[in-house]
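K.L.:
Residue strings, one per chain:
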Amino acid sequence: MEHFINLLIRAVFLENLALAYFLGMCSYLACSKKMETAIGLGLAVVFVQTLTVPLNNILMRGLLDEGALSWLGPTFAEIDLRFLSFILFIAVIAAAVQIVEMAIDRFLPALYTSLGVFLPLIAVNCVILGGSLFMQERDYTLPESIVFGFGSGFGFAIAIVALAAIREKLSYSNVPEGLKGLGITFIVVGLMSMAFMVFSGIQL
Amino acid sequence: MSTVIGSGRPARFTFGPNERATLTDPLIANNPITVQMLGVCSALAITTRVDNAVVMSVGVILVAMIASLAVSLIRERIPTAIRIIVQLAIIASLVTVFDQVLEATFYEISLELSVFVGLIITNCMVLGRAEGYAMRHPPFPAVLDALGNALGYALILIVVAATRELLGVGKLLGFQVLPLTRDGGWYEPNGLMVLPPSALFVIGLLIWAMRTWWPSLVEKD
Numbered sequence: 075m076e077h078f079i080n081l082l083i084r085a086v087f088l089e090n091l092a093l094a095y096f097l098g099m100c101s102y103l104a105c106s107k108k109m110e111t112a113i114g115l116g117l118a119v120v121f122v123q124t125l126t127v128p129l130n131n132i133l134m135r136g137l138l139d140e141g142a143l144s145w146l147g148p149t150f151a152e153i154d155l156r157f158l159s160f161i162l163f164i165a166v167i168a169a170a171v172q173i174v175e176m177a178i179d180r181f182l183p184a185l186y187t188s189l190g191v192f193l194p195l196i197a198v199n200c201v202i203l204g205g206s207l208f209m210q211e212r213d214y215t216l217p218e219s220i221v222f223g224f225g226s227g228f229g230f231a232i233a234i235v236a237l238a239a240i241r242e243k244l245s246y247s248n249v250p251e252g253l254k255g256l257g258i259t260f261i262v263v264g265l266m267s268m269a270f271m272v273f274s275g276i277q278l
Numbered sequence: 016m017s018t019v020i021g022s023g024r025p026a027r028f029t030f031g032p033n034e035r036a037t038l039t040d041p042l043i044a045n046n047p048i049t050v051q052m053l054g055v056c057s058a059l060a061i062t063t064r065v066d067n068a069v070v071m072s073v074g075v076i077l078v079a080m081i082a083s084l085a086v087s088l089i090r091e092r093i094p095t096a097i098r099i100i101v102q103l104a105i106i107a108s109l110v111t112v113f114d115q116v117l118e119a120t121f122y123e124i125s126l127e128l129s130v131f132v133g134l135i136i137t138n139c140m141v142l143g144r145a146e147g148y149a150m151r152h153p154p155f156p157a158v159l160d161a162l163g164n165a166l167g168y169a170l171i172l173i174v175v176a177a178t179r180e181l182l183g184v185g186k187l188l189g190f191q192v193l194p195l196t197r198d199g200g201w202y203e204p205n206g207l208m209v210l211p212p213s214a215l216f217v218i219g220l221l222i223w224a225m226r227t228w229w230p231s232l233v234e235k236d
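Protein chains in written order, with this note's numbering: chain U, 75 to 278; chain P, 16 to 236.
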């Protein structure tokens, strides 16, 4: 149990995908102008990430790993399909996003309208693919990958909501002409990222 | 009897002012990172050293050009509803090939780049050019556009990596350029430049510098 709590805290704060690895920066910068859009994107990422990381984990262990195909017979026992992981992961993510979109539309119409265009866009968000690739690189088990998927999605959501709050306040400040907009946003994210580095002092 | 496949017009491989503009516009005036805000993630994460940035740039240039070529060649046969998945499948296959070649030839660099080679798949710059340009243009301009954008991306990547490596450890491409005080020289290395946040500061300041030089890039509102 303690192991999973450690993993969760690490995924949310220490290894925050947005502020420590800079994944999903495009949508992170583009969708953080307003609070509502930031919350919408954050929720969608938590949702899809919690679903796709464990799903990819199951597929990786059942199809791709060396010897994973031995259930088909002894001749398949030595096949190593790990080089196919990029294609499989991105296909799973695209399909999962589509299914989640239809399910939310059917059962939670209010959430669907608030997420709007962000759900389909998530298929090409590097946070989602990055989460699956980190899962593969670190060789997480299935329970670990559920915790990691939720934690990393939640960390991204916290980071984007925090940035949106700062940017709403920033519109009242007097920023130099050339730095307005994108420039100052980069510098703010840099400062936030430095602040998040404090967490690396935590011993887990 | 021979027929011309496709539109019936003769294929144009001329390199006039239009083609030159397609190629050079994305370098500064419409740079993918500092103006279009595409492909920022990898630009931030792997720019601690110039050699990593060069390898990453080569990968993106190759993948973007071949992906745009392939998408443009089959653009009239891709059903609109599934075009993103088709584009992703093409890009993912190319990235897989590049990743395998990299692992076989430069194993150490491939370890250092870790998941970021795989993330070329979701590099919005590659997908953005395939979706935004190659889907509507013939192969030759599509390849030029991909090359121009990838070069603009590579330019920023290498400038940022050079700044960080020079100020952070006083080296360029692994050679000691500024002698460190530790070894009896005069340069005191700036530790912040090695850490991830400095990439954001460098790009932020770079955007500021570019907008001061070319005031047309300043955002309205």
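Bear in mind the hints are in silico, worked out from the structure with no lab data behind them.
Ideal placement from N, C-alpha and C gives every residue a C-beta, glycine not left out.
Keep in mind that the hints are not guaranteed to be accurate.
Which chain P residues face chain U? A few, computed with CB under 10 Å, are given here [unchecked claim]: (1) A36; (2) L38; (3) I100; (4) F216.
Here are the in silico distance ranges between beta carbons for each label pair [unchecked claim]: (5) U/N80 with P/V73: 33 to 41 Å; (6) U/Q172 with P/L195: 41 to 49 Å; (7) P/E123 with U/F157: 16 to 24 Å.
K.L.:
Which numbered hints does this structure break?
P.N.:
1, 2, 6
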